[in-house]
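Chains as they are written, first to last, in the numbering used here: chain R, -6 to 587; chain W, 45 to 339.
Calculated from the structure, these hints are not laboratory results. We put the beta carbon where it would ideally sit given N, CA and C, even for glycine. There could be a bad hint or two in this list.
[Unchecked claim] Cβ pair distances, simulated, as ranges:
hint: 1; chain 1: R; residue 1: Leu54; chain 2: W; residue 2: Ala306; range: 39 to 47 Å
hint: 2; chain 1: W; residue 1: Pro144; chain 2: R; residue 2: Arg37; range: 21 to 29 Å
hint: 3; chain 1: W; residue 1: Pro267; chain 2: R; residue 2: Leu54; range: 20 to 28 Å
hint: 4; chain 1: W; residue 1: Lys187; chain 2: R; residue 2: Arg43; range: 38 to 46 Å
hint: 5; chain 1: W; residue 1: Ala306; chain 2: R; residue 2: Arg43; range: 54 to 62 Å
hint: 6; chain 1: W; residue 1: Glu303; chain 2: R; residue 2: Tyr19; range: 39 to 47 Å
hint: 7; chain 1: R; residue 1: Trp52; chain 2: W; residue 2: Pro182; range: 52 to 60 Å
[Said to hold, decoys possible] Which residues of chain R face chain W? A few of them, derived with a C-beta cut under 7 Å, are:
hint: 8; residue: Lys22
hint: 9; residue: Ser32
hint: 10; residue: Ile35
hint: 11; residue: Arg49
hint: 12; residue: Leu50
hint: 13; residue: Leu54
hint: 14; residue: Leu58
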Amino acid sequence: MSLQGLPALTAAAVLLAVAVMVLLLYLLKPAARRMAVPSMVIWRLVLRTRKSTPDRLRWWLSLLLALCIALSLTLALVRPQISAFVGGANKSVIVIDDSTTMAAIASDGKTRFQHALVSARDLVQAGAADARFMIADTRRLVGSPRLESREAALSTLAQLHVVPGGRPQFPNILRSDERDVRAVLITDGVAALATPPNVQTLSVYQIADNVGITAFEVRPLPRDVHRFQAYVQVFNASPGNKQVQLQVAGAGAAPIRRVLQLAGGATASEVLDVSAYATGPIRASVDSTYDALPLDDVAFSYRPPSKSIRVVMVSAGNVALERSLKVLPRVQLSVVPPGQYASRSGVDVWVFDRFAPRAPPSSAALLFRPAPVDWLPHASGELRDTSVGAWSNAHPVTDSLSLRDVLAERALHIRDVARAQVLASDPGRRPLILASASGSKWVEVAFALEDSNLSLQAGFPAFLSNALNWMTGEPLALQAGLGVIELPVTRAKVLDLDGRPTAARELSETTLVEAFQPTFYTAIAPDRRVRVAANVLDPALSAINATTLTGMAAAKPVAHTAAALLPAAWLALLALATVLLALEWWTYNRRYTI
Amino acid sequence: MATPGALLDESFLRKLEVLSLVTRRPVHGQLKGVHRSRRVGAGMVFSDFRPYAAGDDIRNIDWGIYLRMDRLMLKLFEEEADLPVYVFVDASRSMDFGAPTKLDYARRIAAGLAYVALLNHDRVNLIAFADGVVQTLPTRRGKNQAPQAFRFLESIRASGQTSLQATLRRFFGAPRTRGLAVVISDFLDPDGIEPAFAVLRRFRHEVVAIHTLSPEERDPQLPEEVVLVDAEDGSASELEITPSLLEAYRARFQQHIREIEAYCRKYGWAYLQASTAVPFEDLMLKMLRAEGWLR
């Protein structure tokens, strides 16, 4: 229960009740005890020489003091909100910036976001009793902001937190025709928010030191796919020089440490040999004094397996396909004409160009407009001048690909999909790309590269890489920012870095997990595994001093911002009550009051 | 032998039998007594000589002088007379206070003094007063009158206000032999004690002022808020009792005592504080003897 901010009428009733109670207590005060004395002669002589205040006056004085004390305390407690005193609008919109930089720690140990919450609570509590508040945030944690009561607004504020990553935006909730709405944005001014002109900005910015990792990638050496390099970029967003300890660690070998000297605003890059580490997550971290933003101090990446993929391309000649396969890392390509095809071991993936063996190959196969064979879906006739109308983002082969502009002059008209899965189809929902995981995996493209522009698409190498990885069982490693991460798997169990299950929400074709700090997730689906490294890795987010509110922050320190806007009269009332109590004590001891 | 009353027990009366009242001036008694008188005549104590005149008792002629000087000289002797004793007992309501009450204490003092006086053949008058003479016991003389005196004293009840002046004016308005006036009172007279004592001075009585006090009125224990009710006139006053007020009261009470004592000492009267906290026997046998009014 809260008594704060009672409406004026209710508060007046409470004050009246308190006054009546005090008066009754005075009237009900027990009468003084009567005692007989032999004579009043001596007492009269004594009293004649002493100054005395008339009893009635003392009674009234005492009652007046008691009423003042009781009413001051009651006023301080109930804090009646009278619009004439409170002033301002009856509706308030409070937008809190909950972007990544708001997690920066200020000099008092609290984050900028915590300061923002304090300011927001002050604003809400200082508003009129019947005022309505709309709480919103720049990361859309509040899905549908609406005007609500003080208690509901405070409850909404309690649910907010920093949402790292993503792109903060000022919510589109203000209507230009509303005149009596006061809109306040509480931010550190780092995020680029398109703030409407009538919005008052409260700054919670404080200058702070920060060193962060802005890039971290593990990749094989072009000349030797068995060796891996880690590329680490460290950014000193502090105003001054910093000595930074960089550490890269993985399984199977000792951590690699470097000490960097970085000037304010400078960036340093390090390339480290991480071949000694086993396949798996690699963790990079930086350590520096007075670092205000821990989120960007750690980053994860993944060291892929160093195993080569043996690919045999069976084709009468396809330069584009051959070149695309050759540039893929770890691919050992050999090309044979269809006439020399013979199923054999020692091949990880077969790539059939306008050819298909009569019997299923010994290992996985990628087929472009294969000839009709029994082990593939039945096709009859041709599709002319078709294009990809729809494709699946949930399948590893087409994940993160755009096939929107893929056209084909001619394509097989596949009529019987059987046990295969359609990955892409034309606008008439006729399959163009299929995949099957029963038995040896295969991917069939219904058109030849010569008959389409697929090989000209930017995503074609990724398509090939996805297909090879999927068919060889190579787990997918993704990079993601912090916040909500969409994993291209369904019915997956998501494990964190320590192998513990993580809360995930499954949609129709994807699974959502949230990462509030840099981490590494492994999603295990029935048909595959997906690994994702969630990092900040954004110079704009690490630059916590790149505020547009520098002048305002310097003029109005955080602690005084709310107080200056909303003077707390109840403190004055408490002080008045204390003074009156002291006065009452003094007058009572001198018998000016009863 | 006197019948002991409820006021004084027999053993105490026996102790009193060896005492007598002392006067500092010759008395004006009319009957034979034990006190030195102003009159010269038959007595045991030599006073003076004078020439013999016809008609004088020849038994008092000093024959030794006649033989030496050939003149007839008559020896004169101080005559011993009785002492008129007026015992005034304050019976106002203010005396009905304390434990024991001041009135009880005053009654016992009066009984003791009356008994001593009666034993010595002094003429004793007992007067109970408040705002005037309430009741009197006419002059009594002789030990056999002690029971009457005791009964009189036991019959006194507290009532009325204090007016010592009115009492003395009325009592001494009638012709009274000059004697010893014993006033036993708390002297809480709204008009003050000086006008009353002036009456005694005018009639040139010897005075013994016995000031009865109770510890409760000397050092009252009162709550912070109290309505004080005057036992005599019933008037009430609501007071906030503070330490400073109590201190002022105590100081004023002491001043009241000192004023009475100073007045008495000034005119050669005896003054004695009789606190009810003091054992009665100590008062009679020690304090009064120490003051020189009993021997």
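Going down the list of hints, with the structure as the test:
| no. | hint | result |
| --- | --- | --- |
| 1 | R/Leu54 x W/Ala306: 39 to 47 Å | holds, 43 Å |
| 2 | W/Pro144 x R/Arg37: 21 to 29 Å | holds, 27 Å |
| 3 | W/Pro267 x R/Leu54: 20 to 28 Å | holds, 22 Å |
| 4 | W/Lys187 x R/Arg43: 38 to 46 Å | violated, 54 Å |
| 5 | W/Ala306 x R/Arg43: 54 to 62 Å | violated, 25 Å |
| 6 | W/Glu303 x R/Tyr19: 39 to 47 Å | holds, 42 Å |
| 7 | R/Trp52 x W/Pro182: 52 to 60 Å | holds, 57 Å |
| 8 | Lys22 | violated, 9 Å |
| 9 | Ser32 | holds, 4 Å |
| 10 | Ile35 | holds, 5 Å |
| 11 | Arg49 | violated, 11 Å |
| 12 | Leu50 | violated, 13 Å |
| 13 | Leu54 | violated, 13 Å |
| 14 | Leu58 | violated, 16 Å |
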